[in-house]
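Protein chains: 2
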Amino acid sequence: MTSTRNIYLKMKTLEQARDILFKAFPGFGTLDTEMVTADQAVGRVLAEPVFAKISSPGFHSAAMDGIAVKAEATYGACETSPKKLILNKDAFYVNTGHVLPQGTDAVIMMEHINIQDENIAEIEAPAFPWQYIRKMGEDIVATELLFPRNHMISPYCTGALIGGGVFSVPVRKKPEVMLIPTGSELLDWKKINIENMKPGQVLESNSYVLGNMIEACGGKYARHGLMPDNPEKIIKAVEDAVNNDFDIVLTVGGSSAGSEDYTKEVIKSLGEILVHGVTIMPGKPVIIGMVKGKPVIGMPGYPVSMIVAFEQFVMPLICRLLGRPEPEREKVLVDVTRKIPSKLGIEEFLRVKLGKVGNRITASSLPRGAGSITTITDADGIIRIPANSEGIKENETVTAELFKPLNAVHNTIVIVGSHDNTLDILADQLKIENSGITLCSSHVGSMGGLMAIKRGVCHVAGSHLLDTENGSYNISYIKRFLPDIKVKIVNLVFRDQGLIIPKGNPKNIHGIEDLARKDIKFINRQSGAGTRILLDYQLNKLNISPEMIQGYGHEEFTHMSVAVAVLNRTADTGLGICAAARALNLEFIPVVTEQYDLIIPEEHFESKNIKILINTIKSMDFQTRVKALGGYHTERTGEIII
Amino acid sequence: MTSTRNIYLKMKTLEQARDILFKAFPGFGTLDTEMVTADQAVGRVLAEPVFAKISSPGFHSAAMDGIAVKAEATYGACETSPKKLILNKDAFYVNTGHVLPQGTDAVIMMEHINIQDENIAEIEAPAFPWQYIRKMGEDIVATELLFPRNHMISPYCTGALIGGGVFSVPVRKKPEVMLIPTGSELLDWKKINIENMKPGQVLESNSYVLGNMIEACGGKYARHGLMPDNPEKIIKAVEDAVNNDFDIVLTVGGSSAGSEDYTKEVIKSLGEILVHGVTIMPGKPVIIGMVKGKPVIGMPGYPVSMIVAFEQFVMPLICRLLGRPEPEREKVLVDVTRKIPSKLGIEEFLRVKLGKVGNRITASSLPRGAGSITTITDADGIIRIPANSEGIKENETVTAELFKPLNAVHNTIVIVGSHDNTLDILADQLKIENSGITLCSSHVGSMGGLMAIKRGVCHVAGSHLLDTENGSYNISYIKRFLPDIKVKIVNLVFRDQGLIIPKGNPKNIHGIEDLARKDIKFINRQSGAGTRILLDYQLNKLNISPEMIQGYGHEEFTHMSVAVAVLNRTADTGLGICAAARALNLEFIPVVTEQYDLIIPEEHFESKNIKILINTIKSMDFQTRVKALGGYHTERTGEIII
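Chains as they are written, first to last, in the UniProt record's numbering: chain A, 1 to 642; chain B, 1 to 642.
Read the hints as simulated data drawn from the structure, not as lab findings. Be aware that one or more of the hints could be misleading.
Treat identical chains as interchangeable: a pair holds within one or across any two.
[Said to hold, decoys possible] DMTMM-like, lysine to aspartate or glutamate: derived pairs with alpha carbons at most 25 Å apart:
hint	residue 1	residue 2
1	K404	E326
2	K356	E469
3	K173	D105
4	K627	D105
5	K356	E401
6	K356	E328
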């Protein structure tokens, strides 16, 4: 068994690996040429310099509406001694763009003419030669260079091409990429019914992500049918692709060191491995090979690994074939709100959410697992932590590469704290109006939200912290933990918390008291979560100590994760909100109705974005949608509590 | 005649006009919905929020290659007392992504296992529950919000959609725009032979530029056939478009105040004029109207006016219909190298070329005429000069909106000075190699180039300044005008200068001495141009005074413009380079061979980009292309003269 496992060759740094790749495939702008018409050329890359065939304008023309005259004939005109010009003899009406009548060399603006009758125009100032005239060739001179080779045609360029008489242009053919998704666990989503999926089966999505990324950078692709983990078949597919004029071949999955990861073997049997393993995260298991002089790249199967490997290796290769520079994302300096340790010797591509809080742009890290596509679809940008760094210090200023325009980052409301499903509704509701606002929520528990306010890294904290002394929510915690910060508290919802249990209640659970039973496995929330405090309060009332509860130490960070744990029987029950139970078709035993508030520092409270947020919360539309979730009460929703 | 002319209504400021437009058409995300498959949704805008249908992963799976175990069974293992696990009973081989075998709850990495034989794996440390396991729902939990409405689907999103079991998504239909190009002077480039074009005829390109811009911001379009200046026909076309489900109608041309500009009349007869004329330049003559509740916009016919009007009015409207924010260009602070006066009360969209010289990004203005499409295709960005400003001071720092990534601006070599056709060849030659360098040349004459070096706003000056005392080039001028700046001089070419004359030499010109003839109309170069100095030197030698030459005061800024003037008989002859004559199929009488050098401050001379530039100049490829132009001598090309 061990003998068939791959062992990584000596891993390369990102720079080394790119160097090896680009030296092995040095072709720059080497693709064949095809002709396309000027209007169809947008986004294409010129294979040759393009020179104008005709001048534009192709004739002297009026640059103003008025009359065309021979300048000489106007000399001497002045206010006290105006000059009369005979229309259609000395002077000719012209509109902007009209050809200059024979014998004229100046235009006088309509506003400066007194029309005497239909035959006579009077002027009170002379014209100088060539005034208000667009000369032939003013825009484009025949034979001049319009665009150099390797120029990418923009919509604007269409105008210069047609104006210069260039109706078709030589562009580079699109590089063609063959995608071969491998893995016996894969299912084709176009052919299945998701109801029938079995554990262990996975919907193949990577090749679609790749295909769309290839198109976005100017290539085209073909997708091979799903390929089981069968080296002979994969070899055949790669060989066919290489022989069939594909410029690049990508296998997807099977590039790491597992026993069924055959990519290395495949490339070795057909050609040469150039790189196996790069010291980046995600993206480490990429394999770069050469078969018959063509790049064959083993893309990692984890989606974020695959995306990073694509952007670091495949996209640059496509750009080079097209004769284009690698695209570069807009960069911005950001403050990292929490310490981010990172492994020495590995360059990490950290996905972050960004928001402008006060005068700085703050970055908070998304989960770092390479397997979660949502860590990149949720991200506003990426921070690259260099291999020689052990991570980022709290409040350190670093460079982030943006996924969206800076302006969108400025229009993000950063909400940190307890998780509640109505925040998703709120995010969507904000999008209905033309606010341009994005709601960015991080779920770190209620106490985490208060700490985020203290550190000045959010606009709003979501919190449901119960004061077990007096039954109040949030106020006493704010007094204690944020003594120096003036805040407003706005109620978002009241909501039912309770025990989430499987359909049919197989373990016959009725309330908190059952959690102490030996046959019950509990799933808890992290400490600092309002739900955790609520649990401890209830346990205390019932004189149940944590040690008596199996699974008390097993923590999840959101209501939905607790519900998932119950759904897949990792636990028998957990405390959470009704909406989470409903969402996964689980049952719910209400324990208490609690208050969920938004805590907003006064410095942000009067801002335009927060005003829109509060108006949205107060709107009927929002409240109707919230009530439809079940387990929510909106009587005080939008009320300013203090 | 005057009665049919339009008079602008009271013009609106840009802000007022946008306000009127957006209030008249407040629809945000109001387009109908259509379903597209997840893989075809890139670039489309979600019409509804999208929630996950299944969890991803859909099962607990191994996050590492190794063995899956029940954590309990590993407790107590340590180096001194390893634990043996029976394979396929206590422990099971798993690869990354594999479903966790029944009864196991942890994975131990392959690297931490000693395989004893095919039945026994030994471990020296316990596993804790859930280690190296990707839990069900770790990436996506069924029912969670994947993307809110109005989210634009990116290639990454495809992965989250498919992973979440969402195989098709509701997106907004693309807004449909009808384009109606008007003007009796227009020709359809798809149907004509440019050889047969007559003066006054113009190739219609605006509707193609518009069509491509519409597609780039997410809309689609139909193009009406070319429409003569006939109000009845235009009315019919607009009415048909409004009745036929187009969301926006654009007429192109005919929006200013000329007698044949019918757009206002057309809109008035069908509906209502909301705005006629906006205090922007270019873009002033835009007309905004409403017909049957739909926007009908009269786009100016000058291409840059049209582009500005599109980006300020039509693009935002398309974005709003789609439920998207207006796109925003990356902004950067730039130093403007020369004073730019601007008209008070008009907001100007100034097209600029940008380059990083030393530590600052310098901006130099392109020609400001709205009729020249090349002023926008050549531009690297735009500076907006507010209506309440009289312009930009020399060296003032202002904000520019970028047309290309900042990185490309950094990689621009700014060359200012005398014009020579070989600079086009050099620009193209630099593109052949993967240098990423763009050559940006401004033509302001040799002396202008030296002044640009003095002001620190260019990397290189192109110069051929003859010292009439000793026949040397450039050196004495540099000593005099740049006494404090250390520069290198690199020869670019030696070139023939001479008289450019029409084919067949109708006026029988033989040399400079003919310029004093009464029947000869000359076209001159601007003062400070090397060619002008050369002319004056030759005239002096022949004892001809400038007053004796007709047209001595009529100046052009480039060789090509001089050649164009000769071609269209504005002048009988001008002094210029052979290449310009050849390009327009004119004749050429050599007068002198002169030296054209590149002047490069030492502070830039050692930079990577300048090294690449000089290597390119020295290359055989460049020199071969230069010689093919005719009138050039490359014996000393690339030589460092001092």
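Hint check results:
1. K404 x E326: both (18 Å within a copy, 12 Å between copies)
2. K356 x E469: For K356 and E469, neither the intra-copy (37 Å) nor the inter-copy (64 Å) Cα distance is at most 25 Å.
3. K173 x D105: Classified as neither: same-chain Cα gap 48 Å, cross-chain 52 Å, threshold 25 Å.
4. K627 x D105: neither (76 Å within a copy, 38 Å between copies)
5. K356 x E401: both (15 Å within a copy, 21 Å between copies)
6. K356 x E328: both (22 Å within a copy, 17 Å between copies)
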